[in-house]
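Chains as they are written, first to last, in our numbering: chain A, 1 to 109; chain B, 1001 to 1115.
Don't take each hint at face value.
In silico SDA-like cross-links for lysine to any residue, where the CA-CA straight-line distance does not exceed 20 Å [what the hints assert, rightly or not]:
#, chain 1, residue 1, chain 2, residue 2
1, A, Lys3, B, Gly1052
2, A, Lys3, B, Arg1057
3, A, Lys3, B, Asn1059
4, A, Lys3, B, Phe1045
5, A, Lys3, B, Gly1058
6, A, Lys3, B, Gln1037
Keep in mind that the hints were calculated from the coordinates and are not lab data.
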Amino acid sequence: DAKTTQPNSMESNEEEPVHLPCNHSTISGTDYIHWYRQLPSQGPEYVIHGLTSNVNNRMASLAIAEDRKSSTLILHRATLRDAAVYYCILIRTGNQFYFGTGTSLTVIP
Amino acid sequence: EAGVTQSPTHLIKTRGQQATLRCSPISGHTSVYWYQQALGLGLQFLLWYDEGEERNRGNFPPRFSGRQFPNYSSELNVNALELEDSALYLCASSLRVAGAGSPLHFGNGTRLTVT
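So here's chain A without its partners, still in its complex pose:
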């Protein structure tokens, strides 16, 4: 199964943009890129997903490299409620979702 690589932790100041990177050099043409986040004592929450083009929703933006070997989750203005572990995963149709250990984001007031 396709694997992803993320930094273990990142910090951001409140109200500043945050760019969370993810490398997925073994991605195949049919793999979707999904991002989830997990707040303490909760199950993971869907954030955004994409295939080839950049995507925007009310929570975040997803920037996908032209060769699709990397992607970046962008939080436009970090708030304290955005402090969580962020998971980047690749999904193939009909396959299960494998989560890595993610990036722990700390937001500094």
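Got chain A sorted already, so can you dock chain B onto it with the hints?
Just chain B now, kept in the frame of chain A:
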């Protein structure tokens, strides 16, 4: 729309006992996934059920088993509990075409403690 619900919230068992965890997916979702999350670690894939059938399982011993009922709810059974089975067990559901873009929706998990 009700989200994914899991019961019980907390479960305390002793070593050697059996534990049963339950999950109700979002209405209309036919796929159910189970994950184990040990303290401080990432999510480890356990089982995937779709339309009542086990479609895939992760690298866990056979004492981890489950089933999916006709109403698409699911049960995870862990036999002969060991101390290292203590973890948060998460259930997620998705539309059957999950993977073609459909996201996973998670419950808040069952915290299993084995003493």
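How the hints compare with the structure:
{"no.": "1", "hint": "A:Lys3 / B:Gly1052", "in the structure": "28 Å, violated"}
{"no.": "2", "hint": "A:Lys3 / B:Arg1057", "in the structure": "18 Å, holds"}
{"no.": "3", "hint": "A:Lys3 / B:Asn1059", "in the structure": "16 Å, holds"}
{"no.": "4", "hint": "A:Lys3 / B:Phe1045", "in the structure": "14 Å, holds"}
{"no.": "5", "hint": "A:Lys3 / B:Gly1058", "in the structure": "15 Å, holds"}
{"no.": "6", "hint": "A:Lys3 / B:Gln1037", "in the structure": "18 Å, holds"}
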